[in-house]
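What follows is each chain in one-letter form.
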Amino acid sequence: MPSSTPCLTLTQVRYAVGSARSAAGVTEILAGVDLTARRGEVTAVIGPNGAGKTTTLGCAQGLLRPSAGTVRLLGADPYRADARLRARVGVMLQDGGLPQAVTPAVLLGHVARLHADPWPLPDLVERLDMSRFLTTGIRRLSGGQRQRVALAAALIGRPEVVFLDEPSAGLDPESRQMVFELIEHLRSAGIGIVLTTHLLQEAQQLADSVFILKDGTVVRHGTISELTAESQTRPARLVFAASRRLSEAELAAAPLAVELDGELNRPGARWAVTGLTSPQDLGRLAAWWEQIGMMPAEMTFESRTLEDVFWEVSAR
Amino acid sequence: MSRAADLSPQPSAPAPALRRVLAHGRYETRNTLRNGEQLLVSIVLPLLVLIGIHRLGLLAGSGGIDAVAPGVLALAVMASAFTGQGIATGFERQYGVLAYLATTPLGPTGLILGKAVAVLSVIVVQVLVLGSTAWALGWSPSPAGLLWLGIGLVTGACAFTALGLLLAGTVRAEATLAITNLAWVLMGAAGGAVFPLHHEGPAGVLLLLPSAALGEAARTASAEGSAPLVEILILAGWAVAAVLAARRWFRWR
Chain A
0 MPSSTPCLTL TQVRYAVGSA RSAAGVTEIL AGVDLTARRG EVTAVIGPNG
50 AGKTTTLGCA QGLLRPSAGT VRLLGADPYR ADARLRARVG VMLQDGGLPQ
100 AVTPAVLLGH VARLHADPWP LPDLVERLDM SRFLTTGIRR LSGGQRQRVA
150 LAAALIGRPE VVFLDEPSAG LDPESRQMVF ELIEHLRSAG IGIVLTTHLL
200 QEAQQLADSV FILKDGTVVR HGTISELTAE SQTRPARLVF AASRRLSEAE
250 LAAAPLAVEL DGELNRPGAR WAVTGLTSPQ DLGRLAAWWE QIGMMPAEMT
300 FESRTLEDVF WEVSAR
Chain B
0 MSRAADLSPQ PSAPAPALRR VLAHGRYETR NTLRNGEQLL VSIVLPLLVL
50 IGIHRLGLLA GSGGIDAVAP GVLALAVMAS AFTGQGIATG FERQYGVLAY
100 LATTPLGPTG LILGKAVAVL SVIVVQVLVL GSTAWALGWS PSPAGLLWLG
150 IGLVTGACAF TALGLLLAGT VRAEATLAIT NLAWVLMGAA GGAVFPLHHE
200 GPAGVLLLLP SAALGEAART ASAEGSAPLV EILILAGWAV AAVLAARRWF
250 RWR
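Sequences listed follow chains A and B, in order.
Per numbering that gives the first Met the number 0, the first sequence starts with residue 0, numbered consecutively.
Per numbering that gives the first Met the number 0, the second sequence starts with residue 0, numbered consecutively.
Chain B with its partners taken away, still in its complex shape (with noise of 0.2 Å):
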């Protein structure tokens, strides 16, 4: 009570920059980490899917385990970039908590940024989980592609989280919950993502989705060990696409 008395004993400051980046990261991982539907999409089912597709063999004459587990990667990054990220900020701009936290010394920057953290935070999470499970499993990457793998999966990361927040900043909450669910389940399956596409003829247009870029990418690095930089490109124009997109049409309200 003591305090509160006084309540201008030095003007209002915001936290160092840094700091408030980081703890709005920690504060959504937390959230999302803590949400039964965002495990499920981030985790459970791309675990089910290593799992399953390895028992059934459905990739036995492309290399087995060690086409699946990169495959799966990209799906878990899609389901937390795209899916997670576009559903929870699509409910976040609805109840007008995307205009609250821009008002706060956060700001639409820090806001950003702190998602972006905690995107990279679950992704963390989600290549522990699943990389030690296709481990387990026999997957045995190429040592030297770990870092592309890595790199491809942050660029994924950054095109698909542009593009779940250009959903959820431009049409309702509901529309982006039933597209981002959509879109994740067709690009996982018929994609690219997973299942690797055909690369002669008209299909090869297919190799520009960001889903068969992301897949392509993790598999290149994982398997041969080689830099995938066609596919960092792809997904690196979709993130420029969808943020030049989001400058223009992102509504927080």
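So that you can see chain A by itself, here it is in the shape it has in the complex (with noise of 0.2 Å):
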């Protein structure tokens, strides 16, 4: 991935709540946070419930103004945005912010008049399916049809950066790639996207970078296949289909750790082996096998996915 311009950095930004003076004291809620999100790719924040993603997205678009630390936002702070500033970023929140008493056609012919040059609202309505519910109130419309307006809205005044906060929360698998495939056509388009996600497929299948958060700091960031790529915190994974029945004696024989793979222990099992760090390590394997006389019917090796490093990270 060329790595273009940065459209977004945040540099050792903290959030507190609270007064000293209070009773409840301060709590910190971003404890230092580096981030970096570049035009024309999809950076995924992701991170345990109450880690800190709102916060770090609410202080990126400039809604929160961090106790420390600086934002810049396409080279400005967000916090002290103009219109011009405003109107070169789209904000999806997480709750929506929809108004309940109007339909998505007034809304967003409302939003798209706050631009200079909006996103036709034809179009957009297209690619999102909305045309059967565009003249319906928003109240009335399903969470997943709200989604849909409120991307549209963050959309409406063509951004060069777009902040989503739970695109596809509530979404049916069609909406979802409806909803992927526009996404892909942004960041194709050279928009910078800034997304937060609890769905870990997700992040893995639409991101180009990825920014573990956890207790308010970045533990672990990188594209994919940097923080899936082998390392001594977590070796390969091998995962073999048994011909037979394994028994316990020979388990307890196994070389390395062996642990059914999610099924039953039947002919055809699966098993997976943790902590082969060496050629050795599959030596020893093999040589148990044979002691044991079985050849195994299939046999893998299993690159760590997002959600591995996810719950590596989580677990400490």
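Some chain A residues well away from chain B (every beta-carbon gap over 12 Å; in silico):
{"id": "1", "residue": "R20"}
{"id": "2", "residue": "V25"}
{"id": "3", "residue": "G143"}
{"id": "4", "residue": "T227"}
{"id": "5", "residue": "V238"}
{"id": "6", "residue": "A256"}
{"id": "7", "residue": "W270"}
{"id": "8", "residue": "E289"}
Output of the computed footprint for chain B on chain A, the stretches with three or more beta carbons under 8 Å from beta carbons of chain B:
{"id": "9", "segment": "58-69"}
{"id": "10", "segment": "79-88"}
{"id": "11", "segment": "97-106"}
{"id": "12", "segment": "112-122"}
{"id": "13", "segment": "155-166"}
Honestly, the hints are just simulated from the structure, not real lab data.
By construction, the Cβ of each residue, glycine as well, lies at the ideal position given by its N, Cα and C atoms.
Please dock the two separately framed chains into a single complex, following the hints provided.
Next comes the structure, spelled out in structure tokens:
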């Protein structure tokens, strides 16, 4: 991936709520977040609930003022953004931020009028398949329909940077595919996309780079392949299918940790071997198969998924 | 489809500032005038109060319709600026609409100016409907005082909008709903908006209430045609105090 210009940088951003004078004291939600997002790339911010994802986005969007650190969004401080900067940035909030009493057509028409050269509404309506509910009050729409309206409201100004907080929450598979295609389209048009998600598969599928937040700091970041690359901390995992049932005694004799991969111990069951770090380990494994007289029916190395990395980080 | 394929024909730019504010004013005015509850509080109830007090002759001793009409205009301004705007903004805050709009080219300042345009537009509609009804019932305001009546109502609208937004931005939407409705009824019935308060004794302090100041300003201008300067200063004071408090405590989310 050729590295393009950053459209967003957070440097040691801290955010605290409360007051030292109050009984509850000060709670630090962000404890020094460093984050960079680039144009033409999808940057995913993931992390467990309460890690600070939405607060990070709030600081990046200029909705929250960091208590320390600096934020540069398209070269400016978003907290002091003027209309010119805001016109170049699209925001989809986690809870939608949609007025309840108006229709999508009225809302989107209104937001379009705040921009000099908005995205043509009919095209956006078609891409997000909104024509059926365009003139229905937002209060009466389903969760998935509201998500699409909120996404349209973030995009109507043809932004150069888009913030999407949980863009696929509440979407059925078909709508999710539609949203993914639109995000792909935005990326290929050179737009910088910053999104949060709790669906790791989604991050793995969409993101060019990932920032894993935990307790208000970035604990791991990089491209998907960098994050899932083998490392000393988490050696490769090998999965084999046994041609027959394995006995307790046979398993006890195994040179490495061998565990059932989610099925019953029966012929054809899959077994996962963890702790492989060298070719010698493979040799010891082959020697064990020879000893118990079993030829694996199938054998694969499994690459780590973002989910593995996530669990590894969260467990700490 | 053809234009969207090329998403960046030129850098995205905001519409001119005045157009943004007017667009938001028009959007909010339209929403208010289409909202049944808002119409009820802003137009229908003041209309019922106007006709009811006139028919029952409750203010027959203090000038009849000439005393009723300006007070009802004050009540109507309180309804749209304080109750209506407070409740609408409170729920916008709860649903994250304020936060979303603050990220658009409208921004916080444009949002507040747009709301001011909407409040003034609704007041124009209220004055037309209630004023012409009162006129049909025999209201004959002093022509010289009409300008002062307008200035009084606008200053009152500023004070009550600021108070409504202060509530909307500090307490929960449901609490804003309850407080603004209750306060509107109390200020309308006993706060000097519709029924004039007595000026002597300790009760004179009540004249410092924004409702009393607005009611007195409207009655003085309408009946005597003179400038209600003290009342306008009281209202301006409330507006400044509420704006200062809102700057300190208003929360967008």
